[in-house]
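Novice: Chain by chain, the residues run as shown.
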Amino acid sequence: MSAVIALLSGLLFGMGLLVSGMNNPEKVRAFLDIAGHWRPELIAVMGSAVTLFALAFYLSRGRQKPWCAGEFHEPMLKQIDARLLGGAALFGSGWGLVGLCPGPALVNLASLDPSVLGFVLALLVGNRLAHALVGPAAR
Amino acid sequence: MLDELLGGALIGLAASLLWLGIGRISGMTGVLSSLFLLSKSGQWSRRSWSFWFLLGLVLAWPLYHLFGAEAPIHITTNSGLLMLAGVLVGFGTYVGNGCTSGHGVCGMGRLSVRSMVATVTFIVAGMITVALMNLLGVQP
Numbered sequence: 380m381s382a383v384i385a386l387l388s389g390l391l392f393g394m395g396l397l398v399s400g401m402n403n404p405e406k407v408r409a410f411l412d413i414a415g416h417w418r419p420e421l422i423a424v425m426g427s428a429v430t431l432f433a434l435a436f437y438l439s440r441g442r443q444k445p446w447c448a449g450e451f452h453e454p455m456l457k458q459i460d461a462r463l464l465g466g467a468a469l470f471g472s473g474w475g476l477v478g479l480c481p482g483p484a485l486v487n488l489a490s491l492d493p494s495v496l497g498f499v500l501a502l503l504v505g506n507r508l509a510h511a512l513v514g515p516a517a518r
Numbered sequence: 072m073l074d075e076l077l078g079g080a081l082i083g084l085a086a087s088l089l090w091l092g093i094g095r096i097s098g099m100t101g102v103l104s105s106l107f108l109l110s111k112s113g114q115w116s117r118r119s120w121s122f123w124f125l126l127g128l129v130l131a132w133p134l135y136h137l138f139g140a141e142a143p144i145h146i147t148t149n150s151g152l153l154m155l156a157g158v159l160v161g162f163g164t165y166v167g168n169g170c171t172s173g174h175g176v177c178g179m180g181r182l183s184v185r186s187m188v189a190t191v192t193f194i195v196a197g198m199i200t201v202a203l204m205n206l207l208g209v210q211p
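Line by line, the protein sequences are chains R and Y.
Throughout, this note's numbering is defined as the position within the first sequence, counted from one, plus 379.
Throughout, this note's numbering is defined as the position within the second sequence, counted from one, plus 71.
Derived from the structure by calculation, the hints contain no laboratory data.
Since the model is a prediction, treat every value here as computed from it, not as a measurement.
All C-beta atoms in this analysis are idealised placements derived from N, C-alpha and C, irrespective of residue type, glycine included.
Be careful, since some hints might not be right.
DEER-style ranges, computed between Cβ atoms [stated by the list, open to error]:
(1) R:A448 x Y:M187: 23 to 31 Å
(2) R:G465 x Y:A140: 37 to 45 Å
(3) R:L434 x Y:V209: 35 to 43 Å
(4) R:K444 x Y:Q210: 48 to 56 Å
(5) R:E453 x Y:V191: 34 to 42 Å
(6) Y:V191 x R:M455: 29 to 37 Å
(7) R:T430 x Y:L106: 44 to 52 Å
(8) R:G415 x Y:M187: 34 to 42 Å
(9) Y:N149 x R:V513: 25 to 33 Å
(10) Y:S150 x R:R507: 18 to 26 Å
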């Protein structure tokens with residue numbers, strides 16, 4: 380059952396990225412182009428997604444466990460440190476360069492667009508580099 | 072604007088389903104590292120959800136087009152830029168433990184201060200990058 384839930388969730392997530400146009404790098408870059416031809420529409424994507432999840436998260440507070448699993452795996456990290464800021468800044472720079480973050484890049488894989496495929500390969504290389512050079516965050 | 076609200080609602084619904092259903096955060100960074108980086112042995116039952124989630128995500132595109140809908144992708148063909156951006160995104164999301172989905176959607180929804188700081192940081196960094204590229208005349 381948990382496999383079905385995860386599959387359905389991934390599918391819905393992908394549909395949301397496609398419907399909203401968040402999968403289109405040009406549109407994402409236009410959202411980031413605040414000093415130029417700014418297109419703020421993507422705020423609405425974030426706004427409705429965050430609002431719905433906040434509601435679900437609030438509802439889950441009254442439950443001992445999820446519907447189909449033993450426990451809620453809430454992220455344990457709380458620290459705001461150089462690692463968080465540096466990582467987020469590097470990610471944001473890469474995001475601005477091309478207009479792709481991990482979710483949209485993965486959704487776009489099936490288009491077989493060579494630029495998308497190259498980006499995802501480089502992303503996996505960056506992932507592995509960070510794993511080797513920096514390692515997992517301390518809990 | 073309606074597309075953006077509807078798309079965002081689907082994303083929120085997806086994240087809610089994964090959380091209420093199996094108690095997992097739908098963050099792409101976490102999905103990728105649990106599939107490609109964590110130790111290979113013995114933990115499959117704990118991580119298999121990542122595989123199914125990723126499969127669903129990748130199937131969205133063909134299904135969307137099966138229904139005759141369009142989702143254009145306008146992206147640079149400059150391979151140097153693509154490689155640099157990919158490595159930065161892969162490196163940065165690993166080090167910062169999250170991206171637009173994990174920090175942006177789920178973390179903000181959990182009212183996590185850590186995720187709010189991360190989200191503001193990567194959005195501002197993205198805005199500065201785009202502004203600098205405009206200034207230097209580098210167009211993707």
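Novice: Give a verdict on every hint.
Specialist: Here is what the structure says about each hint:
no., hint, result
1, R:A448 x Y:M187: 23 to 31 Å, "holds (27 Å)"
2, R:G465 x Y:A140: 37 to 45 Å, "holds (39 Å)"
3, R:L434 x Y:V209: 35 to 43 Å, "holds (41 Å)"
4, R:K444 x Y:Q210: 48 to 56 Å, "holds (51 Å)"
5, R:E453 x Y:V191: 34 to 42 Å, "violated (21 Å)"
6, Y:V191 x R:M455: 29 to 37 Å, "violated (21 Å)"
7, R:T430 x Y:L106: 44 to 52 Å, "violated (29 Å)"
8, R:G415 x Y:M187: 34 to 42 Å, "violated (26 Å)"
9, Y:N149 x R:V513: 25 to 33 Å, "holds (27 Å)"
10, Y:S150 x R:R507: 18 to 26 Å, "holds (20 Å)"
Of the numbered hints listed earlier, those contradicted by the structure are 5, 6, 7, 8.
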